[in-house]
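> Those protein sequences? They're chains C and U, same order as listed. Okay, so the first sequence: first residue is 267 according to our numbering, each after it adds one. Okay, so the second sequence: first residue is -3 according to our numbering, each after it adds one.
Keep in mind that the hints were calculated from the coordinates and are not lab data. Bear in mind that the values here come from a model prediction, so they are computed numbers and not experimental data. Hints are supplied without guarantee of correctness; some may be wrong.
Stated by the list, open to error - Keeping only pairs whose Cα atoms sit at most 25 Å apart, straight-line, the calculated SDA-like set for lysine to any residue is:
id, chain 1, residue 1, chain 2, residue 2
1, C, 312, U, 199
2, C, 382, U, 12
3, U, 16, C, 398
4, C, 312, U, 201
5, C, 312, U, 12
What the hints assert, rightly or not - Footprint (simulated), chain C over chain U, 3 or more residues, beta carbon under 8 Å:
id, segment
6, 2 to 14
7, 205 to 211
As the list claims (entries may be wrong) - Quick list of simulated restraints, FRET-style, between CB atoms:
id, chain 1, residue 1, chain 2, residue 2, range
8, C, 342, U, 8, 53 to 61 Å
9, C, 337, U, 248, 51 to 59 Å
10, U, 278, C, 277, 23 to 31 Å
11, C, 405, U, 242, 55 to 63 Å
12, U, 184, C, 337, 30 to 38 Å
13, U, 26, C, 359, 17 to 25 Å
14, C, 319, U, 26, 42 to 50 Å
15, C, 279, U, 293, 26 to 34 Å
16, C, 399, U, 2, 27 to 35 Å
17, C, 277, U, 239, 37 to 45 Å
18, U, 294, C, 274, 53 to 61 Å
19, C, 293, U, 2, 31 to 39 Å
20, C, 326, U, 2, 42 to 50 Å
21, U, 25, C, 279, 40 to 48 Å
Just so it is clear, CB atoms sit at the ideal spot from N, CA and C, and this is done for glycine as well.
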Amino acid sequence: MIAFDHVSKRYSNGREALTSVTFEIHTGEMVFLTGRSGAGKSTVLKLIALLERPTRGTVLVSGRNTTTLKSRHIPLFRRQIGMVFQDHRLLADRPVFDNVALPLIVAGTSLKEADKRVRAALDQVGLLGKERMLPMELSVGEQQRVGIARAVVSKPPLLIADEPTGNLDPYLALEIMRLFRRFQDVGVTVVVATHDLHVVREFGQRELVIDNGQIHDDVDDHLPSVIAVR
Amino acid sequence: MSIAVAGTRHLQALLGSLGKLARNPFSTALTLLVIGLALSLPTALRLFILNAQLATGGFTSAVDISVYLKTDVPLAKAQQLARSAGERSDVDSVELIPSDKAMEEFRNYSGFGAALDALKENPLPHTLRVHPRSDSRSPAAVETLRRYFAAWPEVDIVQVDTDWVRRFNGILDVVRRLLAIVAVLLGAGVLAVIFNTTRLEILNRRSEIEVTKLVGGSNAFVRRPFLYTGALYGLGGALLAWAIVEIAVIVLSQSIATLAQLYGTRFSLQGPSARDVGILLAAGFALGWLGAWISAARHLWRIEPRA
């Protein structure tokens, strides 16, 4: 699904965020990207979503080389990826329904079909019945779940999340991660950048440790603990 | 993408733009007013030219020759002269205006009624108004006629009413040029207003644009609501300009009618024709769309999502 081959990324301010990073993530895998703040986790996600292009090396996502993808094809490319952010990036002046429906509207889905799928997505994150509320009227955990509903509403094969639990207490964080794993269960590839090591250990999934712009460790043998059992 | 889907998207963008305009009634009204006033001026000028042509239509195309007889020529002689003038092959018709009728008209319309009563006798001569045939209205043919009448011993002055017609047409030409200049300048003004309004709107909705691009919205998708907003501004401003001009016509028509009566003609002020209104609305729509398009092209590409 995702293949980084000797990828380096240097930003225009001269900072080298990634240095010759190579790894592969298979379809249907759930992978945690961990590491300190500024280690390069977000850069990896940006390169996957084509918010940035690599300075050197190649990034393949769903068999597409993001280095050579033309700008006008980027919108279509991004519709294959669900994105979740730490600050959830909801539109404050739009009700929950509109926020979740945005990817479908953008893709030209009919309103009838969109209505059905938005409700299904809200049901999956446990927020059915709150369609008409504004994001501000929801709790932080609920806002993040709206963000997740928006990411999965168009059923993308790949879900990426940048510190999705950064603003949440441990209990809510665990809940959000369980949600992600349910999407993995139905075949979605999930990549989560987090520094919440506690949660990572609980889940016992593959962990890519990034340090100083390089893959420091690739741990695939965590034993799942009791609370994370499906 | 199917046509139905494309239609749905456009409808969504249109309704969304309408909703946004309705939610900010005050700033929307101000923008519409600026555009409306800007578009109403060239429309009003165009109407002015049209009405000026209509009001003078009777004599701008025709050439009249006024033959003033000497004051001592009796009416019977004047009638005889009129008949013989009418027999010329290059004359279409001759109208005799007897001195007492001329006096009566003058008394009615000049406002000097009381002063004229003080006169012991009528100072006005009998007048022949000669209309040349349509094939004898060239300057040379008219000059021939003028000389012919001037040679009559009973004739005092022959006046050919072409000079002022030419001057008047010259003035209209100047106004027409002025209309073109005003239309271009104010059109550019409307473009600038919509460009700037769209720019502010884009900056205001920066986060929305970013998120839309993040979830795979194309540039065309992001641009569309701004184009609709711009076009609605232009169309709304054009409708307002139409209303302004129609109201001005209603306000002016009474005094224009009175003025026309003073000149002894029956003239009523014409409002814009369906074609003029169509052109006005199309121009408003096009300017709005274009202004928004230029603004979007200039400002949207700079907004790229950051994660």
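> Work down the list of hints and note, for each, if the structure agrees.
Going through the hints against the structure:
Under the criterion of a C-alpha separation no larger than 25 Å, the hint pairing residue 312 (chain C) with residue 199 (chain U) is consistent with the structure, at around 24 Å. At roughly 21 Å between alpha-carbon atoms, residue 382 (chain C) and residue 12 (chain U) fall within 25 Å of each other, so this suggested pair holds. Restraint check for residue 16 (chain U) and residue 398 (chain C): the C-alpha separation of about 18 Å stays at or below 25 Å, so the hint holds. With a CA separation close to 23 Å, the supplied pair residue 312 (chain C) and residue 201 (chain U) stays within the 25 Å bound.
Pair hint residue 312 (chain C) plus residue 12 (chain U) does not hold up; C-alpha atoms about 31 Å apart against a cutoff of 25 Å. Coverage of the segment 2 to 14 of chain U by chain C holds [criterion: at least 3 residues with CB-CB distance below 8 Å; count 4]. Only when three residues or more bring their CB closer than 8 Å to a CB of chain C does the claim for the segment 205 to 211 of chain U stand; here the count is 6, and the claim holds. The hinted window of 53 to 61 Å between residue 342 (chain C) and residue 8 (chain U) is violated, with their beta carbons roughly 19 Å apart.
A beta carbon spacing of about 56 Å between residue 337 (chain C) and residue 248 (chain U) agrees with the range 51 to 59 Å that was offered as a hint. Evaluation of the 23 to 31 Å hint for residue 278 (chain U) and residue 277 (chain C) yields a failure: the beta carbon distance comes to about 49 Å. Between residue 405 (chain C) and residue 242 (chain U) the beta carbon distance is about 56 Å. The supplied range of 55 to 63 Å therefore holds. About 32 Å separates the C-beta atoms of residue 184 (chain U) and residue 337 (chain C), a value consistent with the hinted range of 30 to 38 Å.
For the pair residue 26 (chain U) and residue 359 (chain C), the beta carbons lie near 22 Å from each other, so the given range of 17 to 25 Å is met. Against the hinted window of 42 to 50 Å, the Cβ-Cβ separation of residue 319 (chain C) and residue 26 (chain U) comes to about 43 Å, which satisfies the hint. The beta-carbon spacing between residue 279 (chain C) and residue 293 (chain U), approximately 28 Å, falls within the hinted interval of 26 to 34 Å. Look at residue 399 (chain C) against residue 2 (chain U): about 31 Å separates their beta carbons, and that is inside 27 to 35 Å.
Between residue 277 (chain C) and residue 239 (chain U) the beta carbon distance is about 55 Å. The supplied range of 37 to 45 Å is therefore violated. For the pair residue 294 (chain U) and residue 274 (chain C), the beta carbons lie near 34 Å from each other, so the given range of 53 to 61 Å is not met. The beta-carbon spacing between residue 293 (chain C) and residue 2 (chain U), approximately 33 Å, falls within the hinted interval of 31 to 39 Å. Between residue 326 (chain C) and residue 2 (chain U) the C-beta distance comes to about 32 Å, which lies outside the given range of 42 to 50 Å.
In this structure the hint that residue 25 (chain U) and residue 279 (chain C) lie 40 to 48 Å apart at CB holds, the actual value being about 45 Å.
Violation of the numbered hints given earlier is confined to hints 5, 8, 10, 17, 18 and 20; the remaining hints are satisfied by the structure.
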